[in-house]
Structures are given as structure tokens and as C-alpha cells.
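If you want the building blocks of each chain, they are given just below.
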Amino acid sequence: MNQVNDQTSDIAAQSPGAGRRLHPLPVRIMHWINAVAMLVMITSGWGIYDDDVIIRGFQFSGFWRLGDWAAWSLNWHFAGMWFLTVNGLIYLVYGFASGRLREKLLPIRPAELVQTVVDTLHFKIAHEDLTVYNAVQKLLYIIVILAGVSQVVTGLAIWKPVQFSGLVSLLGGFQTARVLHFAGMAVIVGFLIVHVALALLVPKTLWAMVAGGPRLAARRRAKQGHLT
Amino acid sequence: MRSPFRPDVVPDAAILDDHKPLIRDLERRGLIRGGLSLGALVMLAGCDVERPKAVETALLAISRLNDGVQALLFDPNKLAPTYPASMILRPPKFNAYYDVMDVKPVDGAAWRLELSGLMADKRPWTLPQLQALPQTSMVIKHICVEGWSYIGGWTGVPLRIFLERIGADLRARYVAFRTADDYPSSIDMATALHPQTLLATRYGDDLLADPFGYPVRLRMATKLGYKNPKWITAIEVTNDYPGGYWEAKGFPWFAGL
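Residue numbers (this note's numbering), protein chains in the order written: chain A, 1 to 228; chain B, 1001 to 1257.
Warning: the hint list may mix true and false statements.
With a cut-off of at most 30 Å between alpha-carbon atoms, the simulated BS3-like pairs for lysine-lysine come out as follows [stated by the list, open to error]:
no., chain 1, residue 1, chain 2, residue 2
1, A, Lys160, B, Lys1104
2, B, Lys1093, A, Lys160
3, A, Lys124, A, Lys104
4, B, Lys1249, B, Lys1104
Chain A is nowhere near these chain B residues, computed Cβ spacing over 12 Å in every case [as the list claims (entries may be wrong)]:
no., residue
5, Glu1056
6, Lys1078
7, Ala1080
8, Gly1108
9, Ala1109
10, Trp1111
11, Leu1133
12, Ile1143
13, Ser1149
14, Arg1165
15, Asp1169
16, Thr1179
17, Leu1193
18, His1194
19, Thr1222
If the Cβ cut is set under 8 Å, some of the chain B residues that face chain A in the computed set are [stated by the list, open to error]:
no., residue
20, Lys1141
21, Lys1249
22, Gly1250
23, Leu1257
No wet-lab data here; the hints were simulated from the structure.
Cβ atoms here follow ideal geometry from the backbone N, Cα and C, with glycine treated the same way.
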């Protein structure tokens, strides 16, 4: 896997400007499929939630719910799940096979994490180089990927609690799995708010996810600069 | 020039009077606000509050595909977890498309179970006849599509034994039910033959109480609550998709757990 990655980097270095972009086309396609699927799953999930609330007195208003009542929220949810799961699986396979996940999200150094938090609190949000994620970004992306995986697992458990009864008992029972599924949604929505807010604050990041961003050759230089 | 939108025949003034409150409500500001939030909703969630026919058709098509996937996932030998009798909730939770006060009790003595469709013996059954068949008890979790659940203890004749007794075609696709509360329902044959599918006549140690389906209801450990019709009056074995009360309103048909 290492070898393959080095090879592609070398090819990019040989022909500057013709290399792959920061966000290759497959990543961009998967990102936007995921964005729509996530919104469908979250808002239809709120429609299902409202029929039997987990937090007493807490309901989502009709404005935010997808599906005019529970039956259609459910149908949206059970349609969206295929797009979310299949797209997410392809993304993970691609991310591991291409080395992108490891390259982008690791390593996370605790000292760097603290420094980024301190900088951010002083409103020093460095986003000059899109090709390198800071420690907080790395951590947030890892958390949201894990939350997405968790949603699929807890979702499977509450969709098929008899066929996957082993999984349900591993998760602490049907109602616990249901609460975990709700909590996973809260984590993803929390990420989404920060993610969208920052993308709007630094619009070139948003544009990079549409057009692809800088060429890979630039990434290679940035990577070397980062290492020295 | 005369407006092409102006009607040739002026409507009766009384009609205008009737609609005055409605017209008064059509504030421009409200329309703009409504239009904006509708636009925002469509952008945010990719949905339309009107649920257009095309979306409905697509969602129902996927729901039917999901029915097929669920049938594939269904393992006829997989048993749902069972619980000790001490965990049985008494009385069970009532849930229907109407209030518990509107339950119309069924007279067990006059009750008959009508049979039709793909079976050898279509003679109706009485309650004592049904209770004379081999009985099974199970303490299982009832899971509602809404999300709530409780543990209930049910006793009755396994539907498989009943279907075998009446010489039903066990290769047929569906078993359909009609009920005293006009709540048609139907299940796949694989689930009908599952060992945790009962024609239940008892809850805990007692006869079923009126709100919970006396004299006979369906109880399956492998399907969501709404697939379990109460006050059953007729059973049909068929290859033609029979649908059901909630299914006609858009809920998934298979609804397997």
C-alpha cells in the first residue's frame, strides 16, 4: 500500500500541474452524496423520533422533519440508509486502499491538538494551506467517521433486533441501542454545524470540495514542508 | 385590453362572502415568509412538504425492495430472545388507530374464525376448538415502529400447527387476517411458520382481556407491533398481495425484526 502511494506521488512530482487534485473526483462525488444522504437520514430520523421521544418534552418541529408524518419519515429513512451505507463503505475502502485516510488524518499529536485549540480560542484560525489538516480537524474528522460507522451499526441493531440479537445485547439492549443511535445523530449534527460554519468562513475550502482544490504536486511540497 | 384571467361569468357574491376569511388570510408578507421557508426546507432537506407523486412512488418502490431484502435477512430458524415470566408487563400496552375507550368487545361464545383461500378444510372454528390444539407460551419483547417496547407473555396455538391442521398450502405466499375492528393485515408464509408466531388466546396466566384482542389475536416475536392484528375473525391463505391497514397508508409491509 505504501509503495503504491509513493509511486503516485512520484508520478505527480514528475509532471507538476498534471497531478491529482487535493480532493480527487471520487472523494468529491462521495462527499456530496454523503452530504445529501446525511441530511435525509437526520431529518427523517427526527420525524421518526417525534412519534416516541427519548428526551421527555423534546420534539423536533415539523419544519425540520423530512416526511409529512411518521410513515413517510420511515420510508425516507429506509431509502436513505442504502445511499449512506453503500457510499460510506466505498469511501472507507477507497480511503484505506489509497492511503488518503492515514495521510490526511494521522498522526494526531496531543501537543499540536492543545496548540490548535489555544490558537482557535485566540481567533487565530490558520487555513492558508488547505492540503494539511490541523490536529483538531483531524480529530473531528475521525470522530465523525466513527460516528457514521456507529450509526450504521446501531441502526442495523434497531432495524433487525431479532436477526441481529447478538449485536443488540452487545450494545446493551434494544432501548440502549436506540439511545446510542440518537446520540450518534447528535454527534454528527454537532460536527455538521462546525463543519458548515468553517466552510462558509473559509469559502475556498467549500470550493475545493466542488472543483477539487490545488494539484497533488502542491500537496507533496506541503507534506515535505510539514515533515521538516 | 380585457384580462384573459377574468372569468366570463362573475361568481355569485355569496361565494365571495364565504371565502372572505380565507382571502383575508392571504397576506403578502405571509406568502413571502411561507415561500422563503418552503425554499429553505427544500434546500435543506431536499424534500417537498406536498410529497409529490414521483417522490412517493420512488419511496414506495424502495420500500418494496426493502421488503425483499428483509425476507432474505429473515432466518426461519432464528429465535427471538425470550425473558423470564417475572418481567411480563401487566396489563400489556394498548395501541391501535383509535382510543382504548372505543374498543368494541367481541362475544367469545358467538365468535367464529372464518377460513378461505388455499386450504383443504374451510370450516369455521370456535374458540374451544382452537384452545384444544397444542398450546405454546412465549415471553417476548414487543417492539413498536414508533420506538417503544415492552415484554409480554403470550399463550396460544402456533400458527404453523393451525395451518397444518386446516391443510393450508404452506407454499402459498401470504397469510391474511381480517378483524372485528376493521384492521386488515397480512404476513409472509415464512413468518407464519416461525415457531414464535402464535394465534394467542392468553396473556400471562389469564384469557386475553378485551382491549388486547379477546378472543384471538396474532402474536409474532419477529415482526413490529403493528403487524399483530387483534380480534381476528377471518384467515385467508393466498398468493395475491393482501396489504394491510397501515401498509395502505405507506408503512412498510414486511416490518420484520
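So, going through the hints one by one against the coordinates:
| no. | hint | in the structure |
| --- | --- | --- |
| 1 | Lys160/A - Lys1104/B | violated (34 Å) |
| 2 | Lys1093/B - Lys160/A | holds (22 Å) |
| 3 | Lys124/A - Lys104/A | holds (21 Å) |
| 4 | Lys1249/B - Lys1104/B | holds (23 Å) |
| 5 | Glu1056 | violated (8 Å) |
| 6 | Lys1078 | violated (6 Å) |
| 7 | Ala1080 | violated (4 Å) |
| 8 | Gly1108 | holds (31 Å) |
| 9 | Ala1109 | holds (36 Å) |
| 10 | Trp1111 | holds (31 Å) |
| 11 | Leu1133 | holds (25 Å) |
| 12 | Ile1143 | violated (6 Å) |
| 13 | Ser1149 | violated (6 Å) |
| 14 | Arg1165 | holds (26 Å) |
| 15 | Asp1169 | holds (26 Å) |
| 16 | Thr1179 | holds (20 Å) |
| 17 | Leu1193 | holds (15 Å) |
| 18 | His1194 | violated (10 Å) |
| 19 | Thr1222 | violated (5 Å) |
| 20 | Lys1141 | holds (7 Å) |
| 21 | Lys1249 | holds (6 Å) |
| 22 | Gly1250 | holds (4 Å) |
| 23 | Leu1257 | holds (4 Å) |
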